[in-house]
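**Q** Listed in order, the protein sequences are those of chains A, B, C and D.
Quick note, the first sequence lines up with residues 1 to 368 if you use the UniProt record's numbering.
Quick note, the second sequence lines up with residues 1 to 368 if you use the UniProt record's numbering.
Quick note, the third sequence lines up with residues 1 to 368 if you use the UniProt record's numbering.
Quick note, the fourth sequence lines up with residues 1 to 368 if you use the UniProt record's numbering.
Keep in mind that a hint or two might mislead.
If you only want the chain A side, here are some residues facing chain D, beta carbon under 10 Å, derived [to be verified]:
#	residue
1	Ala13
2	Pro23
3	Arg58
4	Arg62
5	Thr304
6	Asp305
7	Val348
For the record, the hints were derived by calculation from the structure and aren't laboratory data.
These figures come from a predicted structure and were not determined experimentally.
Where a beta carbon is used, it is the ideal one built from N, C-alpha and C, also for glycine.
Protein chains: 4
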Amino acid sequence: MHSPLPTLQQIPASIAAVADYEPFARERMSEQAWAYMAGGAADELTLRDNCAAFRRLRLRSRALQELSGGHTRLELFGQRFEQPILLAPVAYQKLVHPDGELATVLAASAVRAGMVVSTQASVALEEIARSAQTPLWFQLYVQPDREFTRELVQRAEAAGYQALVVTVDAPVNGLRNREQRAGFALPAGVEAVNLRGMRTLPPVTNRIGDGVLLGGPLLDAAPTWRDLAWLRALTRLPVLVKGVMHPEDARRAVAEGIDGIIVSNHGGRTLDTQPATIEVLEEIARAVEGRVPLLLDGGIRRGTDVFKALALGARAVLVGRPYIFGLAAAGAPGVCHVVQLLRAELEVAMALTGCRTLADIGPTRVSR
Amino acid sequence: MHSPLPTLQQIPASIAAVADYEPFARERMSEQAWAYMAGGAADELTLRDNCAAFRRLRLRSRALQELSGGHTRLELFGQRFEQPILLAPVAYQKLVHPDGELATVLAASAVRAGMVVSTQASVALEEIARSAQTPLWFQLYVQPDREFTRELVQRAEAAGYQALVVTVDAPVNGLRNREQRAGFALPAGVEAVNLRGMRTLPPVTNRIGDGVLLGGPLLDAAPTWRDLAWLRALTRLPVLVKGVMHPEDARRAVAEGIDGIIVSNHGGRTLDTQPATIEVLEEIARAVEGRVPLLLDGGIRRGTDVFKALALGARAVLVGRPYIFGLAAAGAPGVCHVVQLLRAELEVAMALTGCRTLADIGPTRVSR
Amino acid sequence: MHSPLPTLQQIPASIAAVADYEPFARERMSEQAWAYMAGGAADELTLRDNCAAFRRLRLRSRALQELSGGHTRLELFGQRFEQPILLAPVAYQKLVHPDGELATVLAASAVRAGMVVSTQASVALEEIARSAQTPLWFQLYVQPDREFTRELVQRAEAAGYQALVVTVDAPVNGLRNREQRAGFALPAGVEAVNLRGMRTLPPVTNRIGDGVLLGGPLLDAAPTWRDLAWLRALTRLPVLVKGVMHPEDARRAVAEGIDGIIVSNHGGRTLDTQPATIEVLEEIARAVEGRVPLLLDGGIRRGTDVFKALALGARAVLVGRPYIFGLAAAGAPGVCHVVQLLRAELEVAMALTGCRTLADIGPTRVSR
Amino acid sequence: MHSPLPTLQQIPASIAAVADYEPFARERMSEQAWAYMAGGAADELTLRDNCAAFRRLRLRSRALQELSGGHTRLELFGQRFEQPILLAPVAYQKLVHPDGELATVLAASAVRAGMVVSTQASVALEEIARSAQTPLWFQLYVQPDREFTRELVQRAEAAGYQALVVTVDAPVNGLRNREQRAGFALPAGVEAVNLRGMRTLPPVTNRIGDGVLLGGPLLDAAPTWRDLAWLRALTRLPVLVKGVMHPEDARRAVAEGIDGIIVSNHGGRTLDTQPATIEVLEEIARAVEGRVPLLLDGGIRRGTDVFKALALGARAVLVGRPYIFGLAAAGAPGVCHVVQLLRAELEVAMALTGCRTLADIGPTRVSR
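Here chain A stands alone, though its shape is the one from the complex:
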């Protein structure tokens, strides 16, 4: 595939941390794409607090521990990962790079990082799967058209995806003011190709004084716990729910036979002034009592953030914007580099806190 978009030919030494990709990415992205990828809901307080909450946590170093033979490997649902860092589902990656999700899956394979492919990927899920040499999971938005939803799940299974990640925190889009102000719309050539042919809801007539959402067709068709049970029965894959921020929802998910939970506030893109994900992880971990693995996304910008999430109860984390900015700035090598930077920082944090393996990372390593 031919790439009209400039990428960094060589990664400059000035990129020493994943945040350093941001200005390069901004320069290479349209204002609209930047607003879509970098923005969040409303005043973006949750977007910022996801990061700030990690910075507020303190790490407790330990001296002179035995460190030989250490590693960062883990196993989830019988799948092996080299590091506890997965690529989060992000829609429409062709917005930032002409190869879109194909560049990302190439990078994920190179660094052996798990990747979660979005329902709204701009490349067909089967095509992504054909390029993968690393575990792929499929992120599912339950569509108003349930039959189409079932077919999506079946396509993902057939293509070799190894887990189903059901997003449960977005029955409506968030009000992303930055996007609205930028006049964001998908450019020609970028679309949710996996949703082609799906029945859509009739357009809503928005009369002054009328309700906007409640009582309308979109929310009447929003997924509920019944739909989750239906999905659970529909597939042999492990099913995770993504978007849990409340211990009651976590308990219910476990009771419904769900295999894993991703603590997420959708990267601050849905409901502003939600807590940071790392702020609720512990209470959710207490509710789940280890019965299913917890993952977390939102605000991970450093290997020390990965460490903190693991210390407070996550088995692994997902990163979104960091690799998208790496992709925008430098293509697949940028994505590789982002994962490597986070992993190197995680390893240094482990060494300096005396942790040989991920299992050594516990709550005593973190304080407030």
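Fit chains B, C and D to the given chain A structure using the hints.
**A** Positioned in the frame of chain A, the structure of chains B, C and D alone reads:
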């Protein structure tokens, strides 16, 4: 009516939230009018904290709840409202738009929002009432001339106002330094027309070393609980007190037979360094124990703020500056848009926290 | 007396609060005088926190209280004051205005405010006393020359000063870096005239590696509780200690027969990172149990600050920099205006919290 | 020795505090050297918090205490110090001044301050020792080549160093992004001369997807508690461990027969988001129960910071960047001045809190 003041002909896409009206309003208002409407008492700490306190509260989302058939309707004093958002009493609206309160009541009627008309409206209360197709309440300052005060109440009743809102937190004007520095004075053509013909106090001779207020005629004539009892007996309308910030005052109001309480610090315009209204709502709700409905104003800039106020004990909120800035920028359509924006944000917040109706919005949806 | 220094001929409307005098004062003062008057010790954290701590306190308004016949009068040591605001001792006032302390005492007399005259006044204490028509107190630094100290006390008594304020928090000067950087030195014509003829300590030879202060003659001569007992026995005037920040020191002062305590950190000019004065007032009030009156200085910039200090245990406050800046900007009228502004703000705060007299101002009016 | 680097010929009056050296130093240093000396790990949160945490602590002044005959002397391991301020080990001092560590030791001798010489000094440890007229300690990094490590210890003993400071918090280098972005490398003529001839580890082949550190030769050779026991047995000098931030590590060090503990996070240069050193001092002091002396470094910029560290449990402190900036700006006189400034501030703090000697400085002098 002819409008010499420019308004936005079409609302630009860059206005995605009510705060986006502010720069447009500022540009269209005189420096003096801006100081009057946007400013607050002294250092404006309470003015800012009213907003900041909402931002400090965290919303707890819930996943996969049943949302079909939801709505935002409520009933107060037998009156039905489409959404729990009323237009707060704001004086002298001709300062910001040539149609003043008439534009506002047109907008309120269009979006079926309740409106509280100020004693100091720049349009006769009867004329506003003739244009209304939505519930109107009348805000009353108890005047030193109690006979005139009685007549005002009777005029409001006769004109069809459906509740009386007695302001109890302003026996003296706040020291609004921003106004003073701007040299604010009412321009020609803008006056408190409803107070024409009222007896006023003799001017105070301000000698160096003398007291400014205490011991003077204004405070000697300031309203007390006795005046409230007199008002309560005077009218058949529901009576609300506006400006309660202390649980003891709320208890006393209930004991005096008052029908409703508006938790308010006068938009930060009277006594600086008071708490934010949302900070005291819960203790007032505990004192009132549901015996009368609570409303709240001060700092509402987002539908999530409306949600938070309802979660912590309010039945509805009032907004002031946001619609004034909409009025200044775009006339009646601007006011409509402001209400619609807040309502849309409220509905999204309800959907993402699993609330079908206002009754579902409770304290478990908010944390600190 | 001829005044070569320009003062504001008329106070402009843009001065609506005491802080508004600051830029005018700065413009009229030399860089060195500004550094001396506006600056504090080291990083000036305590200087700033004195003010910030007041802003952090919240006032609780009360509605519909009886306010007629109110006033701000009080009595201290048998002396009557129109308002609980005294002018704090500030050295070398000729640095900011050619009339120096004579302009200040004129203003104090006009607004009937108590004034505390500094040992380091740039006008003879007797000359100030001759111009006074308001209670004067004398601030005393205990000098290494105790005999001279005794004579100072006797001169103050003879001149009609009505109380002795002994500063106890400055056995050494603070390290006021701002002054040092500005190269502050007293200009010709400004000196501590009351100290003329006093024996001074021999100069210290400052060899590298030697101690700077401890073990030197200055600290060997520093006043102790024994000196305070000597002073207490020496005079028939009420004796206050100024500079108490610890409850143990307050208890000791009461036990030593002291008549009043001024909670003060020397305006942030001695030891940086001390607490704000308002932060320690309550614990000192608990230690003193009402046995002697407490006063407070440091950080008062608003009438609401005066109110808060009274609510938490002070009988009155002293202000320093605010009146000095009024003096620098506008001479005696500026000092008058500063007191009037603070008093007006205090009266509004009293009216809006339902306090008729100072005795009504109690701890329930303030929260954190 | 000839000095090609300009130094301040006379210290200007504008340098009133150690922070005032910073801009002078920056101007005299290369961008790379500045990044190396001034920078810290990752986002430099710990670097900044080391300082900020001192500023958050409050000092409690005391009045009218007896101060005559005071001093700042102390004894540690039988060695006498004029003040509780030592010069921390800092590598490669020729980066900032042509005389490097020789200028520093000259200054330390002049002000009789203890100095800890780094393993990575740019001057031979024996040459430094020959210039010293003050107690020298030797800081040791345990090298993968243990035999070379043993020889280093023996060289230090032979040269007259009086204590061994074993750094235990740096089995790997921190990820110092500022350095990386500046492209830091040692310039010609600056090297770790004391490590000449040491065997080094084979270079690591860094393949994409591979671990960076864990499982590699560096961490397999990292020092452990066994190595500490070996060192303890190897030398007759008092042995301190530097880099303890956890009470468990402090307890273990005491149990291993270590003579002193330096609470340190390596100046924020290793693991970012560690707590500030002053934040953990108290819990470590409780763990150690006075069995060995505690020292502290990190964030000391004022004599009040020295005071606070002593109040919360340290016997002395070490300063790093402050004297390095003094060295860069003004050579040996700058280093002298930095120590003198800190000492003068400490003495003022002692006088104003009523402490005659270091033994009087206790926890009641500090509050939060």
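**Q** It remains to establish, for every hint, whether it holds in the given structure.
**A** Structure-based check of all given hints:
1. Ala13: This hint holds: alanine 13 (chain A) lies near chain D, its Cβ roughly 6 Å from the closest one there, short of 10 Å.
2. Pro23: violated, 12 Å
3. Arg58: holds, 5 Å
4. Arg62: Hint on arginine 62 (chain A): holds, closest Cβ of chain D at ~6 Å, below 10 Å.
5. Thr304: holds, 6 Å
6. Asp305: Holds, about 9 Å.
7. Val348: With Cβ-Cβ at 6 Å, under 10 Å, it holds.
Hint 2 alone, counting from the list given before, is not met by this structure.
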